[in-house]
Amino acid sequence: MKQRQKYRRVAEAGDDPRGVALCGAVARLRRELAVLPAELPDRAAADDELAALHAMVSAGDPEVPRLRRSLLLIAGAVGSISALAPALTDLRELIGLYGEAPRRF
Numbered sequence: 001m002k003q004r005q006k007y008r009r010v011a012e013a014g015d016d017p018r019g020v021a022l023c024g025a026v027a028r029l030r031r032e033l034a035v036l037p038a039e040l041p042d043r044a045a046a047d048d049e050l051a052a053l054h055a056m057v058s059a060g061d062p063e064v065p066r067l068r069r070s071l072l073l074i075a076g077a078v079g080s081i082s083a084l085a086p087a088l089t090d091l092r093e094l095i096g097l098y099g100e101a102p103r104r105f
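Going by our numbering, the sequence shown opens with residue 1, and the numbers climb by one from there.
Rather than coming from a laboratory, the hints here were simulated on the basis of the structure. Watch out, some of these pointers could steer you wrong.
[What the hints assert, rightly or not] Okay, the calculated beta carbon distance ranges per label pair:
hint, residue 1, residue 2, range
1, T89, R66, 19 to 27 Å
2, A52, L97, 18 to 26 Å
3, S82, D15, 16 to 24 Å
4, A83, D61, 29 to 37 Å
5, L40, R66, 20 to 28 Å
6, G60, A38, 18 to 26 Å
7, P86, V64, 20 to 28 Å
In this text, a Cβ means the ideal position worked out from N, Cα and C, and glycines have one as well.
Use the sequences and the hints to build the structure in full.
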């Protein structure tokens with residue numbers, strides 16, 4: 001069963017290993033957020049944005065500004081929870097693999 005899920009995740013993210021890794025990081029953060037016993041006023045916002053991020057990456061070739069916006073919303077919703085810091089850091093690092101956003105002057 002686990003092997004089947006692994007292959008499904010790879011197929012969803014296309015051939016881009018960054019997408020596969022990012023989908024895994026999103027899933028990890030969603031799992032850790034789900035089992036967190038603390039009452040979070042922005043839990044629903046974080047869940048919604050994680051779902052949107054997963055859908056965007058699974059579709060292939062996500063837009064870097066949209067990835068960064070999602071990260072900002074998720075970090076704002078759960079960033080103060082130290083138990084989620086490692087998963088959030090992984091998410092940030094994987095989004096960083098998509099490159100720098102162009103500078104505006």
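Hints, verified against the model:
1. T89 <-> R66: 19 to 27 Å: holds (20 Å)
2. A52 <-> L97: 18 to 26 Å: Roughly 19 Å apart at Cβ, these two residues keep to the hinted range, so it holds.
3. S82 <-> D15: 16 to 24 Å: violated (36 Å)
4. A83 <-> D61: 29 to 37 Å: holds (33 Å)
5. L40 <-> R66: 20 to 28 Å: For R66 against L40, whose Cβ atoms are near 24 Å apart, the range 20 to 28 Å holds.
6. G60 <-> A38: 18 to 26 Å: Violated - the Cβ-Cβ distance for G60 and A38, about 35 Å, lies outside 18 to 26 Å.
7. P86 <-> V64: 20 to 28 Å: Holds, at about 23 Å.
Hints 3, 6, counting from the list given before, are not met by this structure.
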